[in-house]
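Chemist: In the order they appear, the protein sequences are chains A, B, C and D.
Numbering of the first sequence is given in this note's numbering, commencing with residue 1 and proceeding in unit increments.
Numbering of the second sequence is given in this note's numbering, commencing with residue 371 and proceeding in unit increments.
Numbering of the third sequence is given in this note's numbering, commencing with residue 741 and proceeding in unit increments.
Numbering of the fourth sequence is given in this note's numbering, commencing with residue 1111 and proceeding in unit increments.
Since the hints were made in silico from the structure, they are not lab data.
It is possible that part of the hints are untrue.
To spell it out: a stretch of chain A is covered by chain B in this simulated footprint if at least three of its residues, at any positions, have a beta carbon under 8 Å from a beta carbon of chain B; those stretches are [said to hold, decoys possible]:
| hint | stretch |
| --- | --- |
| 1 | 224-235 |
| 2 | 247-254 |
| 3 | 291-305 |
| 4 | 320-330 |
Using 20 Å as the maximum straight-line C-alpha spacing, the simulated SDA-like pairs for lysine to any residue come out as follows [as the list claims (entries may be wrong)]:
| hint | chain 1 | residue 1 | chain 2 | residue 2 |
| --- | --- | --- | --- | --- |
| 5 | C | Lys792 | C | Asp831 |
| 6 | C | Lys792 | C | Ala802 |
| 7 | A | Lys254 | B | Lys624 |
| 8 | A | Lys118 | A | Arg94 |
| 9 | A | Lys205 | B | Ala662 |
| 10 | D | Lys1364 | C | Pro1059 |
| 11 | B | Lys603 | B | Ala662 |
| 12 | D | Lys1162 | B | Phe659 |
For each residue, glycine too, the CB sits at the ideal point set by N, CA and C.
Protein chains: 4
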Amino acid sequence: MERRRVGILGATGMVGQRFIQLLHNHPWFEITWLAASDRSAGKAYGEACKWKLDTPLPAKIAAMTVQPNTPELCEGGLPIPKIIFAALGADIARGLEPKFAAAGCAVISNSSAFRMVKDVPLVVPEVNAGHLDLIETQAWRRESGGYIVTNPNCSAIGLVLALKPLEERFGIESMFVSTMQAVSGAGYPGVPSLDILGNVVPFIKNEEEKMQEEVGKLLGHVRGDHIEMLDAKVSAHCNRVPVEDGHTECVSVKFRKKATREEILAAWSEFAPLRGQHLPTAPEQPVEFDTAVDRPQPRLDRMRGNGMAATVGRLRECPLLDWKFVVLSHNTIRGAAGAALLNAEILARTGRLDKLGVPTGATQGQAVLA
Amino acid sequence: MERRRVGILGATGMVGQRFIQLLHNHPWFEITWLAASDRSAGKAYGEACKWKLDTPLPAKIAAMTVQPNTPELCEGGLPIPKIIFAALGADIARGLEPKFAAAGCAVISNSSAFRMVKDVPLVVPEVNAGHLDLIETQAWRRESGGYIVTNPNCSAIGLVLALKPLEERFGIESMFVSTMQAVSGAGYPGVPSLDILGNVVPFIKNEEEKMQEEVGKLLGHVRGDHIEMLDAKVSAHCNRVPVEDGHTECVSVKFRKKATREEILAAWSEFAPLRGQHLPTAPEQPVEFDTAVDRPQPRLDRMRGNGMAATVGRLRECPLLDWKFVVLSHNTIRGAAGAALLNAEILARTGRLDKLGVPTGATQGQAVLA
Amino acid sequence: MERRRVGILGATGMVGQRFIQLLHNHPWFEITWLAASDRSAGKAYGEACKWKLDTPLPAKIAAMTVQPNTPELCEGGLPIPKIIFAALGADIARGLEPKFAAAGCAVISNSSAFRMVKDVPLVVPEVNAGHLDLIETQAWRRESGGYIVTNPNCSAIGLVLALKPLEERFGIESMFVSTMQAVSGAGYPGVPSLDILGNVVPFIKNEEEKMQEEVGKLLGHVRGDHIEMLDAKVSAHCNRVPVEDGHTECVSVKFRKKATREEILAAWSEFAPLRGQHLPTAPEQPVEFDTAVDRPQPRLDRMRGNGMAATVGRLRECPLLDWKFVVLSHNTIRGAAGAALLNAEILARTGRLDKLGVPTGATQGQAVLA
Amino acid sequence: MERRRVGILGATGMVGQRFIQLLHNHPWFEITWLAASDRSAGKAYGEACKWKLDTPLPAKIAAMTVQPNTPELCEGGLPIPKIIFAALGADIARGLEPKFAAAGCAVISNSSAFRMVKDVPLVVPEVNAGHLDLIETQAWRRESGGYIVTNPNCSAIGLVLALKPLEERFGIESMFVSTMQAVSGAGYPGVPSLDILGNVVPFIKNEEEKMQEEVGKLLGHVRGDHIEMLDAKVSAHCNRVPVEDGHTECVSVKFRKKATREEILAAWSEFAPLRGQHLPTAPEQPVEFDTAVDRPQPRLDRMRGNGMAATVGRLRECPLLDWKFVVLSHNTIRGAAGAALLNAEILARTGRLDKLGVPTGATQGQAVLA
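The following block holds chain A by itself, in its conformation from the complex:
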């Protein structure tokens, strides 16, 4: 089977590198286009990028020429792929991603720029694949076939994986979450070592706000042309700790319906919404419960399910709400590049990568982003 051609926007950053790592030998997708800022464009990728991962940079990728960040024809007249993974900062994304969508591309974005916009789906496939229907309400879709799909903030993904099966069975009324987040979440150079060695920084700009609102949208429901947010109070405390990869989160939750320990464990272990879809990046078991008293731990558990599973542990009663537990997930795999890749796989599986570049006329919605 021929692999679909894909491109990466923001290819030299930390998330861009993860895209390259995860797409290497991917059965469905093949990287044919890499773009980055003007500083890098025109150079060989191996020269433009300070590769920071512990698997080797594939030689083929190293030799590719970095293209400029525009949806126009690339050097040599090669067509730009219609499937674009975007690993851009929010400010840049705000300007660039719509251009690619308008050019007929499926922009599968890791940026926060459009996550909370009304007609943009914010999706974790195991949690709310149905939200992808919002695509059809995007003006670009009608005009060029293109669209933007987003995945949540790295700190929200592990959390909603753990919460979704509980929400389905017991309903969530309110929740605390206190995070201990890895430095890779801030990109490169990101957090200065002088700030974090032997230290904790109890602040990450906009992170608590993002978590609180994204959880509401992710666990919300499609109501015609928009998402009705989950009606639950969420209070987040976000902290940076000296960990390379893996966000650990302490959660207390109050349910609408009484739940026993056994029912909660069953909800997690039976949670397999993608089973049967055979998506290459989907973990066998999206939420793994560990029975040890001191797990999950980022260094030991972040790579479960090839970095795509969330690990939960320490389920116990909460004196204040109902139950408390700890959840952990890999912030640059499950929480960023892997999240977007899984979005691409569900888009492919549901036929939404087939009609790119051609006006669909299908949508009746308005261009929210215009």
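Using the hints provided, position chains B, C and D relative to the given structure of chain A.
Modeler: Same frame as chain A, now just chains B, C and D:
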């Protein structure tokens, strides 16, 4: 003025070392006796102890002979001091501390062994110095003049310092706290480096239980011969992080009475219950508020007030309870040796170190520990 | 092809765990026996062992019963495998390994106990596979077919891999090496976090001595029944740093023959002594040179060649000797379990695992260890 | 006694902050002027600076207005102090420091820009205070009374403190040094946490070159108008490790004259060249030997002598050269701000701060820097 002679039980451990450091050149107390387990007894302290602090071990202390852990006359017939700082593990403390109390000593203990016992005061001088009256209900006090006084767990002290002024003015109804605790809290050798480098361990044995119950006693009120616990729900999540010293805690709190931001800041800044007592170890300002968005941080703030102040920051509204903030304090100074030392100072100031070794006959209470 | 049955002595420790990880799905070997100290014997492995690796403990292994540390028939009368990987501390190894050799086992040891003994080969297959001939001089070999083979200290392996191709072409006259070693080299619990967080410990017991003498034996030559040590001066400085895995070493070396930069790089890139042997654990390229100015680095390079390659970099002239460079290798894979496993593979390939348990009568040497 | 007014160039950086910390309550000097780049000039210091030290920013300093980086009259017509501590990057220093010297200031610089210039003294007061005579050969000195004095790189200072007493008694012929340097040496933001958490970076730009040449000048001798470099071969390996403060260095050294262990220890313990000068910042004992097998260690020993002493340990024979040992010093106190401050104190003590701002006509040398 002649300094009172004091001894240290468990002198070679991490908290024992902090006692030595903090008592060096103390204006009121002089170390004349150091005891440790049989393995160390008989050796010079400098040889028995693997000194781990970054100030030099005082030469005079290094030359002292470590005594056995018993309240009998020490080597050479020197009398054992009547003021004993105890830095023992709970299991050892359970056996040894009562012997010293029975021998007429004021046992100023950092151990958890007797903290929750009915007639043993659990005290942070700024918070509940009045609880020291419980001493008079101890059987030892009547029989020998001796008694046991305890300070709380290292994770509870910073928290109650921040909460006390709020409890006084607004009343606390419920509270969520998630900690990020330093490795020194586990003593030496304590946490293996393989467990904590680049990692988080979301579990500390018994820590959540201790925090939850100790906060209740510390913020409770003397009712005759016992403490009536604070009627508030407390939910704690305790985590170990790769920080050497300083416990950082994320707190959400619900008050009984509405409080504005200004009122909370005023409560903290006006909190100075020990002013005028001139205790050498008491910080000028027990609770310092930092206005920066990303403070407090353990490496930068743990030494405020010579390691005795708690730093609060990030006061903001909580979507679930009323307010949230971060509090930080030094876990082996404010949270252990300094806490006990301040207890000794308030005991001295209130005359409770003057009648040791002689039966008082004063108590009508029962020996709870017998 | 049926896999050979193997056992692991010291199976619950850090190196024992690595053996289990590396032997999982090994094409030639199958774990059928796990032994550990009395504390663990009789328990299921999954219960006896605190698994510390970031890949899951295989379920089949978790269910195996830990056997006692003796070469007698194990529980249920199952025969003990004749191929024994030994991951024991030196003191225990000194007593146990000879018993297994005497029982006809090939003891493939990671311990330092017998490395410098005259008739025991100290082997890194790429460096001195010929030293395996020493096996035939061991008394056990003659009597039972059993023998002991060792691999070097974790700090010596990467170094000799880098040095061997240089020694072959230019001869080594003297050398300076300063190490920065990972905490996993000390096992578990090993280095206390209070000793190493934000710190360097410039001392590892016996490490400098081991490095200095082991390099001499590894680069030495078989002379009849013993090894003639390499005639070179070696000065080692060994340090522990806050790194989880991967030993980094700064090397200055003086050659007997002038060498250019190009010749050195060629020596490394052409070094492939095991090519054609198809050993499953042998890295394609045992010594990889990285051209970046700031490499190798433990976190980025330790997993090259599945953790079995040494990475060199920063080749530059030395103002004092001839050349200097940096070498890095994974200390618990290449430097311990992987080293022993590769020794087992070369033993298998050269027929030395075929005659176990039967007297060979072949040796004329003496029992050095008796 | 009235304190001399001093200014700080580059006041908001890490070294600038250390100057402020160390000059707080200094008996001889008082900060009356703070300058920084245009980005900060005009703001209150407390606002312009992200204070990163663990002692509080003095309120008086926080309120001072940051001045522009020029030697012209500052705001309000206040005269710029004639004593200027310069904490600038080399590129900026190259342009700015000469302007201040030309304006009659004593520029006491921590930058590398002019260290190796012929008529600029590179001084550690305990090591080569005599080199200060070079000042009189500077053209500025003759014309305005101003001059530039420098201190060495943070990695060279501890080393030359340890070497100087050995050089005096035994002569140094050659030397290896392998460093493990703290992240604070790179300033702020400096080393990204993603590069150094759980990692070692075996490269610091230009550091090996600086160490090698600066050691030669520091241990050299004044010959008329220049310094004759020490005739010794020095080979340096420089590494960055995850330590906040304190550079640890492994040294092997060959002497011109045989030295016993006792003679070396005596050379260190008797080394007190500043005794009797009563310089406020000079440590009682510039080189402290620690007898423990595993010392010095950065976290435990960097604050000896208030951060101004070098600690040596692990003295043992070297199989390649003569002796080896470990030396440690605080890189931003002894290695930067404290070094410059001690230079200022020796300049004051020797009358060289008295004739600033007036042409001396004394020098016959040429303006090397013009």
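Chemist: Could you work out which of the previously given hints the structure breaks and list their numbers from low to high?
Modeler: Hint check: 5 and 11 fail, others pass.
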